[in-house]
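So you can see what is in the structure, the chains are spelled out below.
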Amino acid sequence: MSFQLMVYFNLILLLIGVFGIFYSRDIISVFVSLQFIIFSGFINFLGFSRFLYQNSLWDKIFIISGVTVMYFLMFCIIYYLYLNQGVLSRKKLYEEFKIFRMTRDNWWGEDDK
Amino acid sequence: MDFLFKLSEKVNPFQSIIVLSIAILILSFFAVSKNKAIKKYLIALASVSLLIAFLLNIHSYVLSGNFSNFLIFFGNVQMLEIGIIIFSAMNVLFFISVYRETEDSFVKELILFIFLVICAEFIIISKNFLLMFTALSIFILTIFQLVSIVNSNVDKIVMHVLRFFLRPTLTVIFFFFGFSLLYGATDFKDFNQILESEYISNPIVVLSLIILGIALYLYFFLFPLQGPYMKMIKRNSLAANAVIWFFYFPVGIFLFLKLGSLYGYFIEKNSVYLYSILIIVTCGCMLAGNIGAISTKSLRRITSFLFLFFISTFLFNISIYSTGIISVYSMNLFNFINIFLILFSFMPLYSIFSSVEKNTGEDNIRNIRGLGRNNIYAGVNMAVMLLSWLGLIYYLEPFMKFFNRTDFLNMGAINIVILIVFVICFIFLFINILRIFISIFRRATGETSNKVLFPKFLYVYITFFSIVIIITSVMILLRKLGVDIAFMNFSVTEFIF
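Residue numbers (the numbering used here), protein chains in the order written: chain A, 287 to 399; chain B, 838 to 1334.
A couple of the hints might just be wrong.
Far from chain B, by Cβ distances over 12 Å, these chain A residues were calculated [to be verified]:
hint : residue
1    : S288
2    : R311
3    : F325
4    : I364
5    : W394
In silico DMTMM-like cross-links for lysine to aspartate or glutamate, where the CA-CA straight-line distance does not exceed 25 Å [what the hints assert, rightly or not]:
hint : chain 1 : residue 1 : chain 2 : residue 2
6    : B       : K873      : B       : E938
7    : B       : K1134     : A       : D391
8    : B       : K1293     : B       : E940
9    : A       : K346      : B       : D1024
10   : B       : K1134     : A       : D398
Hints listed in this document are in silico derivations from the structure and should not be mistaken for laboratory results. Every residue, glycine too, gets a C-beta built ideally from N, C-alpha and C.
Pulled out of the complex, with its shape left as it was, chain A reads as follows (with noise of 0.2 Å):
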C-alpha cells in the first residue's frame, strides 16, 4: 500500500464521514458517520507512523487513549438514551434526525413545544 492510496482512501473515508452527518436520517447513521471521521483520524495517525516516522510510539497511545475514550463517551450517549427511553419510544431511534436542523424558535419568540 503506498502512501498516495493511503492518503486517498482516507479522504474519501472524511468525506462519507462529513456528509453523513449533514444527510443522516436517523440517530444511528449519525453514530455510523461519527465512526467514519474517527477511523479516517485513525488511519492518518498509523499511515504517517509508518510511512514517516518510522513507526513512532507518541501515536499508538495517542489512539488506545484517543479511541477508548471517544467510544466511551458516544457508549455513554447511547446507554443514556437507551436507559430513559421505553420499549415503545424506541422506534425515535429510526424517527428523522438531523443533527444541524435548524428551526424558527432556534433564535425567534417562545419555544413551548
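Could you slot chain B onto chain A? The hints should help.
Coordinates of chain B only, in the frame set by chain A:
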C-alpha cells in the same frame, strides 16, 4: 513542616489537583449516604477543598514560577485560568448544593463535579496534544454524565440532551482528526513547536487549523447552530444550566485561547478571507443573540441569548484584532475582562432568576415585575449587577479605539462596518438590559413578586458580588482618572501576558 514543604515541591504544580483528588477519595466513602447532616458536611468539605486548591494554585506559581515538561506547561496565564475555573467551580457548587441537596444522588453528583474541575485543570495546563485531547474528551464525558444525572425530568429532556452532547462529541472527533493531520505534517506534539517551526505555513497545518476551528465553532453553539443549546437550556434543571454556563463555556474559551497563538500567526498576516469570515460570524452571533433576547418572554431564553452574545464578544475582540484595530495585548486583556464580566454579573443574576423561577414555578419575565419594589435590597443589588452586565467601562475601551483617528482612517470600509454593527449590538444589549431593569422596578400587577422569598444565604451571595463589582468599578474609575491604586503589584486594568 519540612516534610510538607518537600512534598509540595515534589508535586508541583499538581498541588491543587491532589487536594481535589483527596476530596474525591473522602467523598467516595459517603457516596451512598442519604443523611442530611453528612451531606452538609460533604458540601463544606468540597468547598474547603476548592478553596485550598485555589490558594495552592497561586502558591505553586509563586513558589517555583513557570513549570514545563513533555506533557504540561504551567505559567502565569495558566495560574490565572485555573483560578477562574476554581472560582467558577465554587459558584457552581453553590447552585448544585441549593438545588440538589435533597436528592439521593447528591454525593455522587459532588464527586462527578470535582472530577470535572480536575479535567478542566488538565485541559488548561496541557501542552502535548495527547494530554489535551484526552483531558478534553474526559471533560465532555464527565459534563455529560453530570448534566444527565442532574436532570430529574428525563422524559422531556432526553432528546435535547442527546442533540446537545452530539455536538461536543463531534468536536472531540474533529480534534482527533485535526491532531492526526498536525502530527502527519510536522511530527510535533504541541502548538508552540509548530509555531516556532517552518511548517507553520504548510497547507496540511492550515487544513488542520480549519478543522480545529470548525470543532470549536460547534463546541460554542454559535449562530446559526445554537438550536440544541437553546432547547436544552429552556428545559434543563437549574443546576445543570449553571454547569453549562459557568463551566462548559469558560473551559471552551480557555481551550480556544490555547489555540490563539497559532491562529494569531494567520491573523497577523491580515488574511482577507480570515477576517471576512470572522466579521460575518461575529456580526451574525451578536445580532442574533440580542434580537433573539428581545423577542422572548422566557427568562431562561433571554439569559441564554445574552450569554451567546457575550461568547460572540470574544469573536468580536479577535475580529478587531484581525483588522489591526487593537493589539494582541489588548485582545487578551479584553478577553479576560469579558470572562470576569460573565462570571461576576451572570452568576448572581442567575441565582436571583433561578430563585424567582423556583418560587413561582414558571419561567417568565413577568415574574420579576415589582421585585425591586417589594424587596428593595435585592432590587439595588440587581441594579448594580445589571449595570456591570452592561459592562460600560469595558465597552468604552473598544469605542475609544474606533475613534482613534489613525486607526479609523487607515483601515477604511471594513472598520466602518464593524463600528456600525457594534453600535447596533450595543443598542440592542442596552434595550435588553433596560427591559429587565424596568421589569424589576415596575409596579407589580398581581401577586407574582410577593410569592418570591429569598433564602438568607442568597442575600450573602449577591452582596458579595455587588461589593466586588463596586470595588472593581471604583478602582477602574480611579485608574482612568490617573490615580495609582495598584496594590501588591496587582492592577485591575492591566494583565501581563
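Structure versus earlier hints - violations, ascending order
Per hint list: 3, 4, 5 violated.
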